[in-house]
Every structure is written in C-alpha cells, then in structure tokens.
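Asker: So the chains spell out like this:
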Amino acid sequence: MCGIVGLFLKDEGLSPRLGAMLTEMLVTMTDRGPDSAGIAIYGNEVPGEAKITLQAADPAAFETLGAALDTALGIEVIVQVKDTHAVVHLPQAHVGPARRWLRENRGDLRILSTGQAIEIYKEVGLPADVAARFDLAGLSGSHGIGHTRMATESAVTTSGAHPFSTGADQCLVHNGSLSNHNALRRRLAGDGVAVGSQNDSEVAAAYLTRRMQQGRSLGGALEDGLNDLDGFFTFVVGTRDGFGVVRDPIACKPAVMAETDQYVAFGSEYRALVDLPGIDAARIWEPEPATVYFWRH
Amino acid sequence: MQRFDLQAEGLRALNAALQAQADQTNETAWEVTNPRGAHAIAAGLDAPIAVTVQGSAGYYCAGMNQQATVHVDGNAGPGVAENMMSGTVIVEGDASQYAGASGHGGLLVVRGNASSRCGISMKGIDIVVQGNVGHMSAFMAQKGALVVCGDAGDALGDSIYEARLYVRGSVKSLGADCVEKEMRAEHHAQLAELLRRAGIDADPGQFRRYGSARRLYHFDIDNAY
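Chains Y and W, in that order, give the protein sequences.
Residue numbers for the first sequence follow my numbering, so the first one is 1 and each next one is one higher.
Residue numbers for the second sequence follow my numbering, so the first one is 1 and each next one is one higher.
No lab work stands behind these hints, which were simulated from the structure alone.
Be aware that a few hints might be false.
Stated by the list, open to error - Dumping the calculated SDA-like pairs for lysine to any residue here, alpha-carbon to alpha-carbon at most 25 Å:
#1 W:Lys172 <-> Y:Val292
#2 W:Lys172 <-> Y:Pro287
#3 W:Lys123 <-> Y:Ile250
#4 W:Lys172 <-> Y:Asp224
#5 Y:Lys253 <-> W:Ala40
#6 W:Lys172 <-> Y:Ala290
#7 Y:Lys253 <-> W:Asp151
In this text the structure is predicted, and so the values were computed from the model without any measurement.
If we strip away everything but chain W, and leave its shape as in the complex, we get (with noise of 0.2 Å):
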C-alpha cells in the first residue's frame, strides 16, 4: 500500500506518480490522505491500479479514468468521473452537479445522492446512484446506463438518444423526447448485473424503464424557428 499525504506533497506530485504507473505496476494500492476537496484528484489514471481517497474531493476527481477503480471515502464535488472510458468509480457520500459527464465506459456508483445533471451527455458509462438525482439528469445521453435508486429530479433525460434510465423512485417530470418504456427481461438482467457490480441490494422489478421515443431523431421542419 503507498500512502501520500496530499496536503504534504502537494497535487501535481500525487497525479504524477499515479499516472507513471505502468500496466504491470506491482503498486497496485494507493491511499490519499488529506484531500481537503482538492481538485482533479487521481484525473488522467491509465493503470489497474485502485486508489482510495481518504475523505471529500473537489471538482473532476477520477476524471478521464481509464482501467483504474478510484473510491472517494466521502463527497466528491462538480464532474466526479467525468469523461471516464473504463474501470470504477465509487463515491461513498454525494456527488455534485455532472457526475460522470460525457463518460464513455466503466462504472460510476454512487452511494448517497447525484445533484443536476448526473450523466449528462453520457456515452457508454454506467452510473447507479443509490440515491437520489437532481434535474436535467442524463441531458442527451447517448449510450449506457444510468440507475437511480431513489428518486430522479426535473427534466429527466431530456433531449436523450439511446441510453437507459431505470429509476426506482419518483420522476418529478420527464424532460423532452423521453418516455417510460417497458421492462423486458434483457433490461431486469441489465440492471440485475448492475445493481450486483455496485453492491446495492434491490429488486429490479421496482424499477421503471426510460428512454428515448426517437421523435428528435429527423429534421422536422415544425421545429426550425
């Protein structure tokens, strides 16, 4: 286990050393100690490596994460994961507005609450929040997966194309072009599995499927202004 003191050795310092880790490293477990909401925490991993941090980050902490699992033992503020393209991300606490923006692969979970616009514009990522979302969540969302376990805010999916939004709670309104859809069963094994790699304990027949109902597909010249 390599321990860093970041309020000690400084930002640059720990990143540095994260992302010089080679496919084959044998450091394979990091500790960040004092992370005081620093800023881009562990962002630009490229290695299988799995870094704790030990308390709340700022802004874009694990962004761009490639193979790497990062767990933030406390909150993690704005664009936590954003532009990730595989491995995990684990928030313990809340995570802020833009949680796992414009991702394209590997898994965000979330164990308290997203704020606005979890998911926005994501492109393959998979992101189960075990709390709530906040509004305009999943705001054109092209590909993956978002979960909500608790409730979702205003707005959900507006303007989206073809992710999936599975919510368990309440949706205080859906947002443009987005529509309930059935459950089939590939969609309660999707989101069995994905409930199972996140750890969460609940039964997808509680959840309500979301799409796209594909009308903002075509240029539809009762649109143009």
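So that you can see chain Y by itself, here it is in the shape it has in the complex (with noise of 0.2 Å):
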C-alpha cells in the first residue's frame, strides 16, 4: 500500500497556494505510507536557467558546494539549502558539465532531479514530519506529484523514497509492486541506462525516460509500459507542462480523480480531495483500468 496525489492546475490563480494543497493531500495519505514521504513540484522556471535538485545525508555537506561549483564551471551558481537537500540554479547551458562534476567529485550527493521547473523533496518519516522539514506548505508552481510510501520492494531509505525522477523535468511515483524489475533493470542497463536505486518503482521511471529518448511521447511510452511492465501500478507521472495517470488492467491498486475548471486532482483515495476548492460541484471518477490519461499546460 502507498498513497499518491496530484495536482494539476488549470487556474494560474492558484499557483501560489499549490504546496499548501499538495501538503494537505499528502498528510492524508498517511496511513497508507508512514515509511517516507516526497513530493515534486514544477513551476518558478526563470528563462534560460536549470535546476538541480541535491539531497545529502548532512547538510554540512553544502557548506562548500556553491564555491566549488563557481570554480568548476566558471560561472556564479546559486544554492538553495533546505534541510537535507539543495536546489543549485544555474544556466541551462552548464547542467550537463555541472552533474557531471558532481557525479566525479561529490559522491556525497545524490542528484534527485534536473530540469527547467522540477524540484523534488523526498525523505525517511511521516508525511507531515517530511512537509515540515522543507516547508513544503510555502512552495509554489503549475503542478506537483506527492507520494507517501509504506515499502515493499526496496528499504526504507532515502534514496527507495518517491517521486523518481530519471529524465530532465520527469518524475514518477508508483503504488504497486513490479515483478518483472530486475530483469527489466538490466535490459535498459544493456541500453545504457543506470538505475540508482534498487526500487522496483525507479525502473519504471527510467523504462519511460528511456522510451521518450527512443522517441515516444510520454502517452506513447505509458501505453508501452502496459505491455513491458508486469506486476501491479497505478503510476501518475509528471513532465514540464504535463500530468499523467495509468493503472494496470487489473486496476487493483485505488485511483480517483477530481476535475474542474480550476484543476485536475488525483488522491489514491477520496479522502485526499476533500478539501480542494469546489470538491462538491467537481467532476469525479476513477480512472479506467489500462488507459492512459494526460493533461498538458
């Protein structure tokens, strides 16, 4: 069992409150997922400018980060520290120079996410412990992923906490259990792409991620996933401008989804939607089973 919600603005009016709402599914959702908890948000892009998102198990570990980087790259980077994680904004232009230091000289630091408008804050605790730690309340944007997760593939660690995110601006976050993983895992290895974690879930992102390089859209590499993907999920999955949601055919795993002129909302249960402005006039449904849903900006 395992909790997600989402939220997909339509109404540019909301935006400032975005994380506030997230916050409050999220905390709902709690008892399906006291393990950990983690939430991505898209939003704030500044034109020209990317975002790494950094986790490290100290945050003496950022101390140094901004100067290092200034030299490495030669240009003036920004670092952002809350909590256990950082956002280092930077030009477009030096992102991949910039993880690839990072990768060369601070293995102490894992890279959550890169991207133009993704950031992601994921941790080991309760869900409202995990809100609290990075004020999650008090961030804004167009759409933001949440996921509170009780484990069962992988430990209960950081790094087996949703959302994944394996593709600039990509994340996923999964309720279910994969049973094909392992051998999925080393066909894309075979493909050249890593996967950090041991989590079932991660090699779902990176299956996507890998299908978009290949050239599919999002729709399209969910559609593949039904086939190549065995085992149980309802996936939600976000992109820049974009908000997805797939079950399997089975459709075991819980799903319902609110719509209105202001937003579209996913809550792994009715209980995560109540509170969302103008929940009792919304539209509301479960998503079919097998059938891939998208909404883009």
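Build the complex: two chains, separate frames, hints provided.
Answerer: Right, dumping it as structure tokens:
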C-alpha cells in the first residue's frame, strides 16, 4: 500500500497555494504510507535557467558546494539549502558539465532531479514531518505530485522514497509492485541506462525515460509500459508541462480523480481530495484500467 | 432523527452508537454529516435502523450489514456493503471496486456506476446497478442476483457458480464458464421485483440473463497442470 496525490492547476491564480494544497493531500494519505514521503513540484521557471535538486545525508555537505561549482564551471551558481536538500540554480547550458562534476567529485551528494521546472523533496519519516522539514506548504508552482510510501520492494531509505526522476523534468510515483523489474533493469543497463536504487518503481521511471529518448511521447511510453511492465501499478507521472495517470489492467490499486475549471486532482482515496476548492461540484471518477490519461498546460 | 458530525465526534463513537442499537430501538433514523471519505462508516450494524450518510464514504462503508438501511448520498469507496447479511444499502453516486463482495443477503443499489469486481464471490446478496459495472464483476459468484442496467466490462461472471446475472446493455466479454441463458417467466418475475425494490423504472424485457455453464463443477483431468 502507498498513497499518491497529484494536482495539476488550470487556474494560475491557485499557483501560490499549490504547495499548501498538495501538503494537505499528502498528510491525509499518511496511513497509506508512513515510511517515507516525497513531492515533485513544477514551477518558477526562469528562461535559460535550470535547477538541480541534490540530497545529502548531512546538510554540512552543501557548505562549500556553491564555491566549488563556481570554480569548476567558471560561472556563478545559486545554492538554496533546505534541510537535507539543496537546489542549485544555474544556466541551462551548464547542466551537463555540472552533473558530470557532481558525479565525479561529490559522491556524498545524490542528484534527485534536473530540469527547468522540477524540484524534488523526499525523506524517510511521516509525511507531516517531511513536509515541515522542507516547508512544502510554502512552495508555489503549476503542478505537483506527492507520494507516501509503505515499503515493499526495497528498503526504507531516502533513495527508496518517491518521486523518482530519471530524465530532465520527468518524475514518477508508483503504488503497487513490479515483478519483472530485475529483468527490465538488465535490459535498460544494456541500453546504457543505469538505475540508481534497488527500487522497482525507479526501474519503471527509467523505462519511461528510455522510451521517450527513443522518440515516444509520454503518452506513448505509458502505452508501451502496459505491455512491458508486469505487476501491479497505479502510476502518476509529471513532465515540465504535463501530468499523466495510468493503471494496470487489473486495477487493484485505488485511484480517484477530480476535475474542475481550476484543476485536475489525483488521490489514492477520495479523502485526499475533500478540502480542495469546489470539490462538491467537481467531476469525480476513477481512471479506467489500462487507459492512459494526460493533461498539458 | 439523530445527527452525528463524523468530523467532530469521530468514527469509533459513531459506529459504537450505531452498533449499540437494539432490535426494538426507538432511535431508528440517523444522519451522518461530514463523512469526508472516511473508512468503515456504519460498518457492522445489526438493528432495523436507517442511516443516511451526507456525502461520500471511503472503504468498507456498511460492511457486514444486518437489518439496517444505509443510504450514501454521494460516492462509496472500495468494498461498500462487503459481506452484507441482510438489510439495504443504497449508493446515490458511484461505487468503487468490489461493491457487495461476498455478500450473503440483503439488497445493494448503486444509482451510478460500480467499478471492477462488483459482486465478487457473492453468496446470496442482490445487487442492482443503475449504470455500468467494471471488469471481473460477479467473479466466482455463488448465489444471488446482479442486475446491471447499463453495460458490463470484461470477463463478466468468470468462474461463476449459481448466481443470476441480468444485463440490459452490452457485455464486453464473458468470463470462463459464463454463458447467456434463456429468460424464462421466473427470471422476468425476479428481475421485475428487484427493479421495483431498487426504485428503477426499466423494462425487464430489455435484459439478457447470464449464468454458469457448469463445466467447471467437476474435476477434469484436462484442466490439471
């Protein structure tokens, strides 16, 4: 069991409240996943700029990071530290070299996401505690996805927490368990795609990223996943400007959606949606099995 | 009328109060406000009382019901009226997966759609769905009737024993050992009565009946692995 929440805003007026609404939804799903919690939030883009979200066991690891990156890249980066996470703001053109430098020189830092819009915050602990550590309620944005984890396929660690991001501005959260993730992991490795954790859901994220590298749209990659991924899943995925949902053909893992003129919302249970504005008048439905849903700005 | 604010007073207090009602109780009408999708609302009742839930319920609403009438004025989450023994449960909106699962008796009415596995392993409950039902509905159904006024999804009645399935719309596919059967006078009469009790104005003549071909009843060496 895990909990998933998602919110895709149609009304920009709600953007300043995105973090607050998502946090409330996330905390409601605590009893579906008390082991760890995480959120991917999209927004606050600056033209030509990118963001790299990093995680460290000890926040002291970030103290010299800015200066070291400035020297290595020959530019000035901005490092925003939030508890065990830091968001590095840098020019888009320097993302590749920065990631390479981080991998080669800073093994103590884990890259959680890269992109123009995405930031990821995730940690072990109760959703309310994780949300407070990163002040998730204070975040603004255009869309976001959250997850509360009850661990099955891999250990309760930060790297086993969702969301997973395996491509620029892409993320995935998963409720369920995959039974062919080891075979798929080997296939992806053969294609040169390395999966960082032992987690089954990260394999699914990497699979989708790989399909998109091969020219498929996100919707197409999700369709492919219905054939190639064996197991139980309700996935919610995010891209820079989009938000998608797919359930396996058996559809045991719960999913409820709500749509109004202001937003599209996802919850593992209706409980997660009850405080959203206008919910009483929203169109509420369960996504059909083996059917890809996708919204874009 | 007893009013109960679920958000203020909590689930345990609600169910304790409802479950404490005796057969001869004078407190026969209850209204539950602020359900907010909570789980197990009005579960385990065993008295001839009427409970109205003003809003949507979460998992296992009215589970194990005996005698009571539970009315959900909203949607119901997974497992509504699961293992119902007697009484009536009415969902004004949609019902999530496995509505009425393994029910032994009573009547479940869903005015909207029911999703997958509606009536799975039903053992005598009657279920009337005004809209559609999802895949694997009436899986391993043993007794009772499932009435679908709309369409049925894939694998209807898979591995069915003796339940009767009545569908007015299309059936996407039939499950293993489920076949269409003749509508005889007794089936018309049963269906008309169920529709009447559910308060649905539909012509029994428009429904088709499905049931077990009874080919899975006995061990067949060709089915062994």
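Asker: Next step is simple, just say for each hint if it's right about the structure.
Answerer: Now the hints, each set against the structure:
Of the pairs offered as hints, the one joining W:Lys172 and Y:Val292 holds, with about 19 Å between alpha carbons and a cut-off of 25 Å not exceeded. Restraint check for W:Lys172 and Y:Pro287: satisfied, since their Cα atoms lie roughly 18 Å apart, inside the 25 Å limit. Of the pairs offered as hints, the one joining W:Lys123 and Y:Ile250 holds, with about 23 Å between alpha carbons and a cut-off of 25 Å not exceeded. Distance hint between W:Lys172 and Y:Asp224 is fulfilled; the C-alpha atoms sit about 23 Å from each other, no more than 25 Å.
As the CA atoms of Y:Lys253 and W:Ala40 are separated by approximately 18 Å, the hinted pair is consistent with the 25 Å bound. Distance hint between W:Lys172 and Y:Ala290 is fulfilled; the C-alpha atoms sit about 15 Å from each other, no more than 25 Å. With a C-alpha separation of about 23 Å, the suggested pairing of Y:Lys253 with W:Asp151 holds against the 25 Å cut-off.
Hint compliance for this structure: no hint is broken.
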